[in-house]
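Following the hints, put chain L in place on chain E, whose structure we already have.
As they're listed, the protein sequences go chains E and L.
Residue 1 is where the first sequence starts when you use our numbering, and the numbers rise one by one after that.
Residue 1 is where the second sequence starts when you use our numbering, and the numbers rise one by one after that.
Check the hints yourself; a few may be wrong.
Cut-off 25 Å, straight-line C-alpha distance, at most; resulting in silico cross-link-like pairs (DSS-like, lysine-lysine) [said to hold, decoys possible]:
| no. | chain 1 | residue 1 | chain 2 | residue 2 |
| --- | --- | --- | --- | --- |
| 1 | L | Lys296 | E | Lys130 |
| 2 | E | Lys48 | E | Lys118 |
| 3 | L | Lys105 | E | Lys48 |
| 4 | L | Lys381 | E | Lys102 |
| 5 | E | Lys378 | L | Lys129 |
| 6 | E | Lys48 | E | Lys130 |
| 7 | E | Lys118 | E | Lys151 |
| 8 | E | Lys363 | E | Lys378 |
| 9 | E | Lys102 | E | Lys127 |
| 10 | E | Lys151 | L | Lys288 |
| 11 | E | Lys48 | E | Lys378 |
| 12 | E | Lys148 | E | Lys127 |
| 13 | E | Lys411 | E | Lys103 |
| 14 | E | Lys103 | E | Lys127 |
| 15 | E | Lys103 | E | Lys118 |
| 16 | E | Lys339 | L | Lys129 |
| 17 | E | Lys48 | E | Lys363 |
| 18 | E | Lys103 | L | Lys381 |
| 19 | L | Lys381 | E | Lys127 |
| 20 | E | Lys148 | E | Lys118 |
| 21 | E | Lys102 | E | Lys411 |
| 22 | L | Lys381 | E | Lys148 |
| 23 | E | Lys102 | E | Lys130 |
| 24 | E | Lys48 | L | Lys288 |
| 25 | E | Lys118 | E | Lys102 |
| 26 | E | Lys103 | E | Lys130 |
| 27 | L | Lys129 | L | Lys105 |
Calculated directly from the structure, the hints in this document are not laboratory data.
Only a predicted model underlies this, so the values are computations on that prediction, with no experimental measurement involved.
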Amino acid sequence: MKALGHVPVRALGHVRICDFTGQLAGAGATKWLAAFGAEVIRIEDPVKQGTWDILRMMPPFVDERRGTDFGGGFNNHNVEKLGITLNLRTERGRELLAELVKKSDVVAENFAAGVLEKLGFGYERLKQLKPDVIYVSNCGFGHVGPYKSFKTWGPVVQAVCGLTFSSGLRDREPAGWGYSYMDHTGAYYMAIAILLALLHRQRTGEGQWVDLSCTDAGLTLHGPTLLDWTVNGRPLLRPGSPDSNRSEHPARAPHGIYPAAGEDEWVALACRSDAEWRALAGVVGAAWAREARFAALAGRLGAQDELDAKLAEWTRARPKAETVAALQAAGVPAAPVAKPPERVDGDPATAGFGLWPTARHSKMGEVRVDGLPVHFAKTDWEIARGAPCLGEHTEEVLTRLLGLSREEVAKLRAEGVV
Amino acid sequence: MSALAGVRIVELSHERSAFAGKLLADMGADVVVVEPPEGSALRRWGPFVDDVPDPEQSLAWWHYNTSKRGVVFDLDTEAGRAGFRRLVASADLVLEAEDPGRLAKLGLDYADLARRELIWISVTPFGRKLPGRADLMTDLTLLAAGGPVWSCGYDDHSLPPVRGGGFQGYNTACHYAVLSALTALLARGVSGEGQFVDVSMHAAANVTTEMSSYNYLVQGTTVQRQTGRHAMEAMTLPVQVRCADGRHVNTGVPPRFPREFAGLLGWLRQAGIADEFPEAVFLELGAKRDFVDLSKIGQDDEITAIFTAGREALNFLASRLSAYDFFVGAQLAGLPVGVIYAPEEAFEDAHFVARGIQVPVEHPELGRTIRYPGAPYRFEKTPWRIARRAPRLGEHDEEVFRELAASDG
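Looking at chain E on its own, in the form it has when it is part of the complex (with noise of 0.2 Å):
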């Protein structure tokens, strides 16, 4: 029997956003929020088409059409958001933005740090607007430091925090990490502090603002390595380190990425433990896989190149479902190192969970997107609409929200005001 009453249909139903993020960084962390059922309102320049978010523009695409309307990442990270535009040139658009800011619970941007500020909507007159306002800015650097001035896009918030550092083979440059990871773990982030915000402000109707940096978020993200660094001494830096496909810390080898039969195929495969090692040996079924000198850990941490080698060379004469189907059989962790349509199409695992929905989008039509990876039993989250068109809910929310009438917000439009 259902209770009665007060069942949220939508776990964030109760919240409004007033939403000036873009790109991934921001829109990512919004995006959340709005499969939740929180009512997301972007705030758009009309002057500039919104192309402040260089993602309205650029591929993929789903057909040749091309335009501010047409930029599939946008659509990926703004699903189930409204869009309106408003120009903060003027003294009207001003006025409408402070009304929105007066009947939302959130204010949150991505943009470089003082651009709010100097749009007129710096955090005091917020707080003027609304008082228990909560506004979450997210920046590169920071709003305080030596380098909050300076820009940033994913990659250069990677360097600088030490992921890219911590990303790469023996002996060579780093690797780093071939796309904007900060992007989205800064927009996991700038979720999470809406979310504790949103918390704090339930139980007290305090607001506050929270000053998120990528950068120091990225850095948070090698605890061990740094404690080993304030602790032993020892840096990240040093001959032979980084070496990320191996595992220093939990010891265990082999632990590796190796060949697979075919073109750029690879598997990859780890041992937990002597048991696991000795399981492995038992699959690869060779003479040198059954040597005393590999039966102990420190044996094969200390002849970890001699051992790769050899099981490149067993794993290249085979196709890598065929490796991993064999060792997880014996019980060895063992996945192959899967190519986009292969997990997206081939893998129940992500299809199965319902990680690939299917939202409507007013030009493109019915486009795949990123869901969610999680599933709420009573209050699930829910993917259909797709991004907004440029100002596609301007007169929508105008006049819901702001008690505009039609004509009003056509009067607006023809001033440029929208």
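Quick look at chain L alone, frame taken from chain E:
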């Protein structure tokens, strides 16, 4: 005041979920981490203090368990299970990452312990409902099967793709566990109802791959890994440059705006090496334009020369400067460039020190104060804080049992 003051979380210690517990504990939740009598497996992970393996000296345990209290329950005994049930009865939220089936077998799963208010966050390799060898997932296999590894590595594709360091596969799953916990708490604040949340680590990795997933979803294409830059369908120009001191920088997006060409020129002059860079004349031309139309590269000779000069100016400056000086010089010239720091270098950098990244934590039994990595975000009213070092095995047994007895009374 803490954002999560008064929120009681019971965490069953596991390497997959420990970071989620830390993120919640450092924001003020009362996280009680439950270990078996022999201690959490995480205590056997190095590095160790002075490299001496000891369950109380694991730096992995230290880092991932700050601000928590610790109790011991042997879930293989009825007494241990009864204690765990009592503890969960006092909790707002349970955080666990056991292989699917284990807790049900012990009679300790959500179905056994559910109350109207209780929130239960389960972090498992493939979620609770899908098949898969949960017991065989490591950070390496997670990032390989989940997509990130395919995008990372070198231009030379005879080298294997690369798993980035720092257990980012686990970290990503933990970020989603925290998002889930906070969202469920907010929803409960309105409805009074808790609920079960199923977090899939494999799914979390899959949606943390940027274009690798959505270029395929939208246009069916497959990206290729490239040294130190975005994996793309076609190989792009290198952006990672070795500087005069042998260290690297990421030069970011090539200069393309007139102000950037002007900035480059000013930087060359300030460094006193503009005369040694003959193509400086093209930077001057670029600086004077209203707009540099990159779509004309290869067609318009002057635009091609301007764009090429911008890239070569960066390479030239890098050949003369240390990576750090290159980073600061470029940023002051208005170019988004990054020095490729080792984590410890960033940790000691004046900017991060000024932002409070180094946080002293007392370890009284060692007579030492240890510097820990600090806040990922700066809250005005409810600051992030390490309330105490990680618990020693069973350190809070008495304290927590006393609380439970008092609340029973």
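Status of each hint after checking the structure:
no., hint, in the structure
1, Lys296(L) <-> Lys130(E), "49 Å, violated"
2, Lys48(E) <-> Lys118(E), "17 Å, holds"
3, Lys105(L) <-> Lys48(E), "60 Å, violated"
4, Lys381(L) <-> Lys102(E), "21 Å, holds"
5, Lys378(E) <-> Lys129(L), "16 Å, holds"
6, Lys48(E) <-> Lys130(E), "28 Å, violated"
7, Lys118(E) <-> Lys151(E), "17 Å, holds"
8, Lys363(E) <-> Lys378(E), "32 Å, violated"
9, Lys102(E) <-> Lys127(E), "9 Å, holds"
10, Lys151(E) <-> Lys288(L), "23 Å, holds"
11, Lys48(E) <-> Lys378(E), "41 Å, violated"
12, Lys148(E) <-> Lys127(E), "23 Å, holds"
13, Lys411(E) <-> Lys103(E), "23 Å, holds"
14, Lys103(E) <-> Lys127(E), "12 Å, holds"
15, Lys103(E) <-> Lys118(E), "22 Å, holds"
16, Lys339(E) <-> Lys129(L), "24 Å, holds"
17, Lys48(E) <-> Lys363(E), "20 Å, holds"
18, Lys103(E) <-> Lys381(L), "22 Å, holds"
19, Lys381(L) <-> Lys127(E), "14 Å, holds"
20, Lys148(E) <-> Lys118(E), "15 Å, holds"
21, Lys102(E) <-> Lys411(E), "23 Å, holds"
22, Lys381(L) <-> Lys148(E), "21 Å, holds"
23, Lys102(E) <-> Lys130(E), "5 Å, holds"
24, Lys48(E) <-> Lys288(L), "23 Å, holds"
25, Lys118(E) <-> Lys102(E), "19 Å, holds"
26, Lys103(E) <-> Lys130(E), "8 Å, holds"
27, Lys129(L) <-> Lys105(L), "16 Å, holds"
In this structure, the earlier hints numbered 1, 3, 6, 8, 11 are contradicted, and the remaining ones agree with it.
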